[in-house]
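A.B. asks: Each chain, letter by letter, is given below.
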Amino acid sequence: MTDTVLKVRDLAVDFKTDLGTTHALVDVGFDMPRGKVTAIVGESGSGKSVTANCIMRIIQPPGRIIGGTIDFAPEAMDPFEITSLGKRDPRLQELRGGLISMVFQEPMTALSPVYTVGNQVAEAILCHRKVGRKQAWKEAAEMLERVGIDDIDRRIRMYPFEFSGGMRQRVVIAMALVCHPEILICDEPTTALDVTIQAEILTLIRDLQRELSNSVLFITHDIGVVAQLADQVVVMYQGRVLEIGTVRQVLKTPVHPYTKGLLAAIPGLAPKGEPLATIASVVGDTDITKPYPMITLGDGRQVSLPREQVQGVAG
Amino acid sequence: MRSYVISRLLGMIPTLAVISVIIFVVIQLPPGDIVTSMLDRLQAQGVDTTEEYVQNLRAQYNLDKPLVLQYFYWAGNLLTGDMGYSHLYSRPVNDLLWERLGYTLSITVSALLFMWVVALPLGIYSAIRQYSIGDYLMTSIALVGVATPPFMVALVFMHIGFEWFGVSTGGLFSPEYEDAPWSWGRVVDLLSHIWLPMIIVGLGSAAFTMRILRANLLDELNKPYVVTARAKGVSPAKLILKYPVRIAINPFISTIGFVLPALISGEAIVSLVMGLPTIGPLLLQALLNQDMFLAGSLLMWLAILTVVGILLSDILLAWLDPRIRYE
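Top line first, the protein sequences correspond to chains U and A. Take 0 as the starting number for the first sequence in numbering that gives the first Met the number 0 and just add one per residue. Take 0 as the starting number for the second sequence in numbering that gives the first Met the number 0 and just add one per residue.
Extracted from the complex, chain U is given alone in its bound form (with noise of 0.2 angstroms):
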């Protein structure tokens, strides 16, 4: 059993339309470690959604994945890679669902408005495991009273209009542990909600994420929350990593000038009194759209940086 439960490699996915072809993903990779909270950070058309999105192969047209692989080692199975299984592999529609899920940015149309809650939450378990429908819509009040839904017996035949955004939110937490998958995937899951119910809906990840001990892969632009969560973070620009770390390295001491400027972008942490700094002024005259491969600094880090300029830097 490798500590790794998912290793990204060289991902590449493009978007053909009539304006010409845009790569959303150029020769994205890294690792997850088993158990534990990956984060990856960037601001909006990074590729941060469009990663997740290959990894649960839900990417839809015109999006294709042109290159690379993702290897997924889940304790429940044997290895296998994820961009090759033919659609109509069973193990595609495990993955989906069973082995890796999602939650969604947007709690209000994130769940349809002609289900109930616990059909919704049920279907999770009755697409993965051979269970009779009574023992599915107990299994999955019971993870709805987990994820902090009280007064279940009602609650569970409401329809989802009925239901506030935190709380919604709740419910698809719900429909994604259900099935108790290896990874959690969480596509800026509090984007969308007021600042009170975002602490609480975090809160409830990295309990439950300490609880079920799974694997989680959190997809955000707050960098509060990164610190606040992750053990590790993944900087994002413009569909390339420019840096992994751990939270510690990258928060403390970036060494990629874009993640600099996206630290000096965090207006508690300007010095008071004067103009936030904007990511340009940071990053000065580094032109961060140029690639340049991923090289691996002494203390473990990797940033995408030409050599000469990280010299020094490791230690």
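To be clear, the hints were calculated from the coordinates, so they are not data collected in a lab. One or more of the hints may lead you astray.
Derived lysine-lysine pairs resembling DSS-like cross-links, with alpha carbons at most 27 angstroms apart [unchecked claim]: (1) 133/U with 237/A; (2) 237/A with 86/U; (3) 86/U with 222/A; (4) 15/U with 129/U; (5) 64/A with 137/U; (6) 241/A with 86/U; (7) 35/U with 251/U; (8) 15/U with 64/A; (9) 129/U with 237/A; (10) 241/A with 137/U; (11) 129/U with 64/A; (12) 289/U with 251/U; (13) 133/U with 86/U.
Interface residues of chain A toward chain U, partial, derived using beta-carbon atoms under 10 angstroms [to be verified]: (14) 40; (15) 50; (16) 194; (17) 230; (18) 232; (19) 245; (20) 319.
Here the structure is a predicted model, which is why all the values come from computation and not from measurement. Note that beta-carbon positions come from the ideal geometry of N, C-alpha and C, so glycine has one too.
Place chain A on chain U using the hints.
C.D. replies: This is chain A only, laid out in the frame that chain U set:
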């Protein structure tokens, strides 16, 4: 749900009352009335009529009373189930109507079913295989289907049937069953004739609803809840049917309400062309001859059918979509 149905049922009463007023006004609009057209016919046969006879006739049909009173006589009789007497056919309207309403209903309802059976799978196929050859093919057929008037389709079918297969495609029965009493053989004979008007009447609506379903489904296919369900591991076929189709058929069902009148008027023209014993041709004759009791009753029944159709589609929608039910 029950209170919703009850309130909708009660809402039908004022609707139908207003419709009855409009129908009454419409059948009064042409110059002359039932008695003048009767006299015309008698005169054509060379029968002389006295002034007194005419007065008596007018009194018999309450035509000497003010219009408002005439309306209430007519509406009151309708409520008691007496739809009056048709001069044109010299028979009570009730007999004429019951004879033909059944055929009209069977053609319309079977056309509606035909529309669903055709539009549902083809619309789904067209949407999930958008811009495929199949989609383009069906889009073309649908556009032709929408653009061709049903009577035209009827003429083409009849011509093909007669020229190429030597069969007469008019009517609902073979000659030997035309006036026969109801029997198993007559039912089979009816079924072997009714499919053609069913297709002809339903074709345009099927094409139309197929296009609507396709457009709705395309809107729904990439909605987040569909992605969620896919990420949950729902199998592809079940995914499409349980999630986006379930939402997309909502407008599909609400169209019953306005497809029904279109089917009925489409049926009337097709029936004229094909010589079907439905109420369409009866209505035309009644209007031409100012047979006001017959025309009024027919129009009233068409209105009732339409209002009931809309009610059914609304109830179906509420049953299908909790968002409507819970309002």
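A.B. asks: Now look at each hint and say whether the structure bears it out.
C.D. replies: Structure-based check of each hint:
no. : hint             : verdict
1   : 133/U with 237/A : 20 angstroms, holds
2   : 237/A with 86/U  : 15 angstroms, holds
3   : 86/U with 222/A  : 21 angstroms, holds
4   : 15/U with 129/U  : 40 angstroms, violated
5   : 64/A with 137/U  : 73 angstroms, violated
6   : 241/A with 86/U  : 20 angstroms, holds
7   : 35/U with 251/U  : 20 angstroms, holds
8   : 15/U with 64/A   : 77 angstroms, violated
9   : 129/U with 237/A : 17 angstroms, holds
10  : 241/A with 137/U : 22 angstroms, holds
11  : 129/U with 64/A  : 78 angstroms, violated
12  : 289/U with 251/U : 25 angstroms, holds
13  : 133/U with 86/U  : 31 angstroms, violated
14  : 40               : 60 angstroms, violated
15  : 50               : 70 angstroms, violated
16  : 194              : 34 angstroms, violated
17  : 230              : 5 angstroms, holds
18  : 232              : 3 angstroms, holds
19  : 245              : 6 angstroms, holds
20  : 319              : 7 angstroms, holds
Violated hints for the displayed structure, listed by number in ascending order: 4, 5, 8, 11, 13, 14, 15 and 16.
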